[in-house]
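Please build the complete structure, drawing on both the sequences and the hints.
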Amino acid sequence: MDNSKLRNFCIIAHIDHGKSTLADRLLEATGAISSRDMKEQFLDKMELERERGITIKAKAVRLNYHSKDGQDYVFNLIDTPGHVDFTYEVSKSLFACEGALLIVDASQGVEAQTIANFHLAKDAGLRVIPVINKIDLQGAEPEKVLLQLEELGLNSDEAILASAKEGIGTDLILEAIVKLVPPPRGHADKPLKALIFDSLYDVYKGVVVFFRIFDGSINSGVKALMMRANSTFEVTEVGVFTPTMKQIEKLSTGEVGYFIANIKNVSDIKVGDTITDALNPIKNPLPGYKEIKSMVFCGFYPINPNEYNLLKDALEKLKLNDSSLMFEPESSRALGFGFRCGFLGLLHMEIIQERLEREYNINMIATSPNVRYKVITNAGKEVEIDNPANLPPAGEIKEVMEPYIMMSIITPPEFMSNIMDLCKSKRGEYVENQFVTTSRVQIHYEMPMSEVVFDFFDILKSVSKGYASMDYEYIDFREADLVKLDIMVATEIVDALSIIVHRDKAYYKGKELALRLKEIIPRQMFEVAIQAAIGSKIIARESIAALRKNVIAKCYGGDITRKRKLLEKQKEGKKRMKQIGRVEIPQEAFLAVLKIQ
Amino acid sequence: MQADNSAGLYVHIPFCLSKCRYCDFNSYPVSDFREVISYYTDTLLEELRIKAKDIPVKTVFIGGGTPTVLPEVELDKILTGLSKFAKIIENAEFSVEANPGTLTLNKLKMMRKAGVNRLSIGMQSTDDKVLKLFGRPHDYKKFLESYKMVRDAGFTNVNIDLIFGAPGQKLSGIKKDLERTVNLFPEHISIYNLILEEGTPLCVDVKKGVLSPLSENLEADMYYFIKDYLEKAGYKHYEISNFAKHGKECEHNKIYWKNEDYLGVGAGASGKIGLNRTENIEDVKQYIVLIKDIKNDILRNQKISRETEISETVFLSLRMLEGLNLTTFKERFGKDFFILFEKQYNKLLDLKLLKEENGSVKLTRTGLFLSNEVFVEFV
Chain Y
1 MDNSKLRNFC
11 IIAHIDHGKS
21 TLADRLLEAT
31 GAISSRDMKE
41 QFLDKMELER
51 ERGITIKAKA
61 VRLNYHSKDG
71 QDYVFNLIDT
81 PGHVDFTYEV
91 SKSLFACEGA
101 LLIVDASQGV
111 EAQTIANFHL
121 AKDAGLRVIP
131 VINKIDLQGA
141 EPEKVLLQLE
151 ELGLNSDEAI
161 LASAKEGIGT
171 DLILEAIVKL
181 VPPPRGHADK
191 PLKALIFDSL
201 YDVYKGVVVF
211 FRIFDGSINS
221 GVKALMMRAN
231 STFEVTEVGV
241 FTPTMKQIEK
251 LSTGEVGYFI
261 ANIKNVSDIK
271 VGDTITDALN
281 PIKNPLPGYK
291 EIKSMVFCGF
301 YPINPNEYNL
311 LKDALEKLKL
321 NDSSLMFEPE
331 SSRALGFGFR
341 CGFLGLLHME
351 IIQERLEREY
361 NINMIATSPN
371 VRYKVITNAG
381 KEVEIDNPAN
391 LPPAGEIKEV
401 MEPYIMMSII
411 TPPEFMSNIM
421 DLCKSKRGEY
431 VENQFVTTSR
441 VQIHYEMPMS
451 EVVFDFFDIL
461 KSVSKGYASM
471 DYEYIDFREA
481 DLVKLDIMVA
491 TEIVDALSII
501 VHRDKAYYKG
511 KELALRLKEI
521 IPRQMFEVAI
531 QAAIGSKIIA
541 RESIAALRKN
551 VIAKCYGGDI
561 TRKRKLLEKQ
571 KEGKKRMKQI
581 GRVEIPQEAF
591 LAVLKIQ
Chain U
1 MQADNSAGLY
11 VHIPFCLSKC
21 RYCDFNSYPV
31 SDFREVISYY
41 TDTLLEELRI
51 KAKDIPVKTV
61 FIGGGTPTVL
71 PEVELDKILT
81 GLSKFAKIIE
91 NAEFSVEANP
101 GTLTLNKLKM
111 MRKAGVNRLS
121 IGMQSTDDKV
131 LKLFGRPHDY
141 KKFLESYKMV
151 RDAGFTNVNI
161 DLIFGAPGQK
171 LSGIKKDLER
181 TVNLFPEHIS
191 IYNLILEEGT
201 PLCVDVKKGV
211 LSPLSENLEA
221 DMYYFIKDYL
231 EKAGYKHYEI
241 SNFAKHGKEC
251 EHNKIYWKNE
261 DYLGVGAGAS
271 GKIGLNRTEN
281 IEDVKQYIVL
291 IKDIKNDILR
301 NQKISRETEI
311 SETVFLSLRM
321 LEGLNLTTFK
331 ERFGKDFFIL
341 FEKQYNKLLD
351 LKLLKEENGS
361 VKLTRTGLFL
371 SNEVFVEFV
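Line by line, the protein sequences give chains Y and U. Going by this note's numbering, 457 is the number at position 457 of the first sequence; the sequence numbering is gapless. Going by this note's numbering, 153 is the number at position 153 of the second sequence; the sequence numbering is gapless.
It should be emphasised that the hints constitute simulated quantities derived from the structure, not laboratory data. Small disclaimer: the values here were computed from a predicted structure and weren't measured. It cannot be assumed that every hint is accurate.
Just some of the chain Y residues that point at chain U, by a computed CB distance under 7 Å [what the hints assert, rightly or not]: (1) K554; (2) L567; (3) Q570; (4) K571.
Pairs of lysine to any residue residues, derived as SDA-like cross-links and limited to a Cα-Cα distance of at most 25 Å, are as follows [claimed, not checked]: (5) Y:K549 x U:V376; (6) Y:K554 x U:G334; (7) Y:K569 x U:F341; (8) Y:K575 x U:Y345; (9) Y:K565 x U:R300; (10) Y:K554 x U:F185; (11) Y:K554 x U:V57; (12) Y:K575 x Y:G336; (13) U:K352 x Y:K283; (14) Y:K574 x U:F185; (15) Y:K563 x U:G323; (16) Y:K574 x U:F341; (17) Y:K569 x U:L349; (18) Y:K563 x U:T278; (19) Y:K283 x Y:E234; (20) U:K254 x Y:T561; (21) Y:K563 x U:I273; (22) U:K227 x U:K258; (23) Y:K571 x U:L275.
By construction, the Cβ of each residue, glycine as well, lies at the ideal position given by its N, Cα and C atoms.
Here it is in C-alpha cells:
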C-alpha cells in the first residue's frame with residue numbers, strides 16, 4: 001500500500017461531547033455502513049455502553065475515502081475509551097495514530113477531559129484537528145469555544161463547525177483528515193515493530209489483537225513475539241474491520257488491523273506491548289508500556305452460596321474481554337466465599353457489577369470499594385492491603401501509606417471557591433490555579449485517591465451546577481494517619497463492612513455509618529445493636545428496635561391468592577438479603593459507606 | 001383429602017349504604033345500583049343453579065358489602081333461591097353480614113325463617129369519633145339499636161366486628177371498646193388491626209400527613225392487650241383476629257383456614273374445589289352481562305399445583321391457634337411436615353415464632369402478630 005494515501009486518526013473528547021455520533025457519521029459518509037442499517041453508535045458495542053453513553057473498548061475501523069482531490073484514501077479510525085478510568089488505554093490508542101479529531105461541545109466548551117486528552121494527543125505527537133460539535137443546538141456558542149481552543153494553542157482557523165447528529169461538517173472533517181493528518185512513516189523492509197493498542201475476545205476465533213505497524217509487515221505464519229509479555233504466538237490470520245471483520249493477506253508499515261493467533265485469554269495480551277518477529281526481532285520495545293494496575297477494589301459475594309461457581313464463571317467470561325478486570329477468591333466471615341476484584345476505577349467497577357447482575361442474573365453483594373494501601377509493619381515488612389479487613393492490628397503497624405492522585409478540575413471561575421472547599425474537605429493539598437481560557441480555570445490538587453473514588457465526581461457536579469469537569473492521574477503513595485473502622489452488628493464484627501479511614505474522620509464516619517445502617521437494615525425479631533469501633537474502642541452506637549408487627553389481619557376465601565402474592569413479595573425482598581449471624585442484612589448495606597458525604 | 005364432597009358456600013353482595021374510608025373491598029354504594037340490583041340477584045341465583053348442583057353445602061355465608069342493605073324483596077329472593085338451588089345440609093351454619101342502619105324487623109324474620117342462624121354485625125368501634133374517621137354511616141347508638149333488634153328477633157349466635165389501630169387511638173380507647181363489647185355478650189368477636197389499603201381515602205390521608213398512623217409498637221401492645229382481655233372474658237382466641245365463646249367458632253371461615261372446599265357466587269367471589277381456584281369478575285355490570293352470555297365463563301379458573309396447595313394449607317392453618325395438625329397433614333398430603341419443611345421450621349423455632357405442641361405446629365404468642373415472618377418461609 002502507498003502510505004501517502006493512508007491516514008490513521010482517532011477521535012478524542014470529553015464525555016458526551018458527541019464522539020460516537022461523529023464516528024457513526026464518518027462510517028456512513030465513507031460508505032462503510034449504510035445509514036439504513038446503521039445502528040446508532042456503531043462503535044459502542046455493548047448495550048450497557050450505549051446506555052451510559054460511553055465506550056469501554058476501542059476498536060479500529062478501516063474506511064475508504066474518495067477525496068475531492070480525486071485521490072482514493074484509506075482511513076483507519078481508532079475509537080478510544082472516553083472516561084477518566086481508562087486513560088492508559090486512551091494513550092495507547094493515540095500512539096497508533098498520526099492525527100486526532102478533538103471534539104468540543106459547542107455549548108459545554110472545553111472541559112477537563114478535553115484538556116487531558118488534548119495533552120495526551122500532543123504528547124503522542126499527533127496533529128490535532130479541532131471540531132466544534134453540536135452547533136445546531138440552542139445554547140451553542142462556537143465563537144467562545146474557538147477562543148478557548150486558541151488559548152489552548154490550537155489553530156482556530158482549522159476548527160470545523162459541525163453537528164454530528166445532523167451530519168453538518170462531515171465532508172469538511174473528511175477533507176481535513178486528508179490534508180492535515182500526516183501519512184504514517186516507517187520502513188517496510190525493517191524487522192517488524194508494532195504496537196498493541198487493544199484486544200477483544202471472539203467466541204469462535206479466540207483473542208483478536210488490534211495493532212499498529214511502525215516498521216515491517218505481518219502476515220499469517222509469522223511467529224509474533226510479544227516483547228513485554230515475552231510470549232510467542234503463530235499468527236493464523238490478519239485483517240481489518242470494515243467494520244465487519246475482513247481477512248487480508250498482509251498488513252504493512254503504517255497500517256492498522258488485527259491478527260488472530262490461537263490465543264485463549266486476553267490477559268495473555270498486554271495493551272501497550274510491542275510485537276516483533278520472533279525470527280527477526282528488534283532490540284528494544286516501544287517506550288511507554290505500563291502494567292495495568294487495579295486502583296479500586298471491592299468484594300463480590302453471591303447472596304446464595306450455591307451461586308459461587310456461577311459468579312466465578314461470569315467473572316471469567318467478563319475477563320475474556322477485559323484484561324483490566326482482576327479477581328481472586330477470598331472469603332469473608334460474614335459473607336462466605338466470594339471474590340476480591342480490582343478495577344481501573346469506580347465506573348469500571350459499576351459497569352462490571354451491573355453486567356454481572358443484568359447479563360448473568362447473579363444476586364450478589366458488592367462490598368464498599370476501597371483503594372490499595374501499603375503497610376509497613378514494625379518488623380519492617382511492606383504489605384499491600386486491598387481489603388480493609390486484612391489490615392494488621394494497630395500494634396503491628398509502623399506506618400500506613402495511601403495512594404495520592406493529581407486532580408485537575410476545569411471550571412468556570414464562579415465555582416472556584418466551592419470546589420476548593422470541596423477539595424480541602426477531601427484532604428486535598430492545593431497545588432495551583434490557572435486560567436486556561438478567560439472563562440475556564442484549571443485547579444490542581446494533590447489528593448488521597450480514597451477520597452476521590454467514591455462520590456467526589458457527583459459532589460463536584462452538584463457544587464458546580466454541573467459545569468466543572470475533572471481528570472486525575474496517580475502520583476505516589478504517602479503516609480497518612482489511617483485507622484480501620486469496624487462495624488459490629490448484633491455484637492459481631494461484619495468484616496465486609498470494615499473500612500479504612502483517616503483518623504480525623506473516623507468518628508464522623510462511624511457515627512454516620514451506624515446511622516445509615518440503622519435506616520437500611522430492616523427490623524428483626526429482636527433488638528439489634530449497631531456499633532462502630534476502632535480496635536476495641538466503640539465510637540458510635542445505634543440500635544434497631546425489634547420488629548413487632550408483620551401481620552395480615554384479615555384473610556378469608558376471597559383473599560387467599562392476593563395474600564399469597566403479598567407474602568411472595570415479602571419473600572422476594574428477603575432473598576436479596578444476606579443472613580449474617582441471626583441478622584438479615586440487605587445488599588445496599590454494604591455500600592452504605594458510599595452514601596456518607 | 002376431604003372425606004366427602006361437601007363444601008362451604010359464599011355469596012357476595014357488593015352493595016353498601018356508603019363506602020367506608022378504609023375499605024378496598026369489592027363493594028359500591030347501593031344508591032348507584034338501584035336499577036341493577038334485581039338483575040344482580042337474578043344473575044347470582046343463575047350462577048348458583050349452575051354451580052351448586054350436586055354439592056352438599058355445609059356452611060353458608062352471605063357477605064359483602066352489606067347483604068342486609070338489599071331491599072326486602074331482593075333479600076327474600078336470594079334466601080328462597082338458596083333453599084331451592086343449594087343442597088344445604090341440616091343444621092348447617094348459615095351466616096349473614098349486617099351493618100347498623102340496614103336491618104328491619106321484617107328482614108330479620110325473613111332470615112330466621114330461611115334458616116339463617118348466625119349474624120355478623122359491623123360495629124368497628126364504640127367511639128363515635130373513630131366511627132366518623134372510618135366514614136361509617138352510623139354511630140354507636142345506632143349500632144346498639146341494631147344489636148337489640150337482632151337479639152329481639154331471636155338470634156343466638158352473633159358476631160361483632162371491631163377494628164383497632166385507628167390513627168390517634170389510644171390503648172384506653174380499645175379498652176373501652178372491649179368493655180362495651182363484652183358487656184353485650186356476643187358469641188363471637190372479630191377484631192382486626194386496621195390495614196391501610198393502597199388508594200383508600202384513609203391511606204391517602206396518612207400518606208399526605210393529614211393523619212399519622214399508630215406506631216407498630218402501640219399496635220402490638222393493643223393486640224396483646226385485646227388477646228388477654230378477651231381470653232379473660234371467656235372468649236377463645238382461635239384465629240389471629242377471631243375470638244369465640246365455646247362452640248361458637250365460625251365454621252365457614254374455618255373452611256378457608258383449613259384450605260377445604262368452598263363455592264363462591266357473585267361478583268368477585270372466589271371458590272376452591274380441590275386444586276381448582278375460581279375467581280369471578282369483580283365488576284357488577286360485567287358480571288351480569290357475562291353470565292347471561294357465556295354461563296360458566298365468568299370465572300377466572302386457575303389450577304393450582306400440589307405444592308401451592310401444600311404451602312397455602314400451611315400458612316392458612318397456622319392462622320388458627322390450634323395450628324397445623326401433623327397427622328391430618330400427613331393424611332392429606334402423604335408427606336411428613338418436618339421432612340418437607342425441616343429448615344424453615346428450625347429457623348422459626350429458633351426465632352421463637354413457631355412451636356410444636358400436642359401433635360400440631362402452631363404460632364407462638366409472639367408469632368401471632370409477626371405471622372407473616374412465619375408464612376413467608378412457606379410460600
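Hints versus structure:
Satisfaction of the interface hint for K554 (chain Y) is found here, the shortest Cβ-Cβ separation to chain U being roughly 5 Å, below the 7 Å cut-off. With a cut of 7 Å, the hint placing L567 (chain Y) at the interface with chain U holds, because the nearest CB-to-CB distance is about 5 Å. Taken as an interface hint, Q570 (chain Y) checks out: its beta carbon lies about 5 Å from the nearest beta carbon of chain U, inside 7 Å. The interface hint given for K571 (chain Y) is met, as the beta carbon of that residue sits about 4 Å from the closest beta carbon of chain U, less than 7 Å.
Of the supplied pair hints, the one linking K549 (chain Y) and V376 (chain U) holds, its CA atoms being roughly 14 Å apart against a limit of 25 Å. In summary, the hint linking K554 (chain Y) to G334 (chain U) is not supported, as the alpha carbons are separated by about 30 Å, beyond the 25 Å threshold. Distance check on the hinted pair: K569 (chain Y) and F341 (chain U) sit about 20 Å apart at the alpha-carbon level, within 25 Å; holds. Annotation: proposed proximity of K575 (chain Y) to Y345 (chain U) holds, straight-line Cα distance about 18 Å (limit 25 Å).
Taken as a hint, the K565 (chain Y) and R300 (chain U) pair is honoured in the structure, with Cα atoms around 17 Å apart against an allowance of 25 Å. For the hint pairing K554 (chain Y) with F185 (chain U), the CA-to-CA distance comes to about 23 Å; that is within 25 Å, so the pair holds. Of the supplied pair hints, the one linking K554 (chain Y) and V57 (chain U) holds, its CA atoms being roughly 24 Å apart against a limit of 25 Å. Under the criterion of a C-alpha separation no larger than 25 Å, the hint pairing K575 (chain Y) with G336 (chain Y) is consistent with the structure, at around 16 Å.
A distance of roughly 75 Å separates the Cα atoms of K352 (chain U) and K283 (chain Y); the hinted pair therefore is violated under the 25 Å criterion. Proposed proximity of K574 (chain Y) and F185 (chain U) is contradicted: the alpha carbons are some 43 Å apart, above 25 Å. A C-alpha spacing of about 19 Å is found between K563 (chain Y) and G323 (chain U), which places the hinted pair at or below 25 Å, so the restraint holds. A distance of roughly 18 Å separates the Cα atoms of K574 (chain Y) and F341 (chain U); the hinted pair therefore holds under the 25 Å criterion.
With a C-alpha separation of about 23 Å, the suggested pair K569 (chain Y) and L349 (chain U) falls inside the 25 Å cut-off, and the hint holds. Distance hint between K563 (chain Y) and T278 (chain U) is fulfilled; the C-alpha atoms sit about 15 Å from each other, no more than 25 Å. With a C-alpha separation of about 20 Å, the suggested pair K283 (chain Y) and E234 (chain Y) falls inside the 25 Å cut-off, and the hint holds. Of the pairs offered as hints, the one joining K254 (chain U) and T561 (chain Y) holds, with about 17 Å between alpha carbons and a cut-off of 25 Å not exceeded.
Of the pairs offered as hints, the one joining K563 (chain Y) and I273 (chain U) holds, with about 19 Å between alpha carbons and a cut-off of 25 Å not exceeded. A threshold of 25 Å between alpha carbons decides the hint, and for K227 (chain U) with K258 (chain U) the separation of about 22 Å falls inside it, so the pair holds. For the hint linking K571 (chain Y) to L275 (chain U), the alpha-carbon distance of about 23 Å falls within 25 Å, and the restraint holds.
Going through the hint list in order, the structure does not satisfy hints 6, 13, 14.
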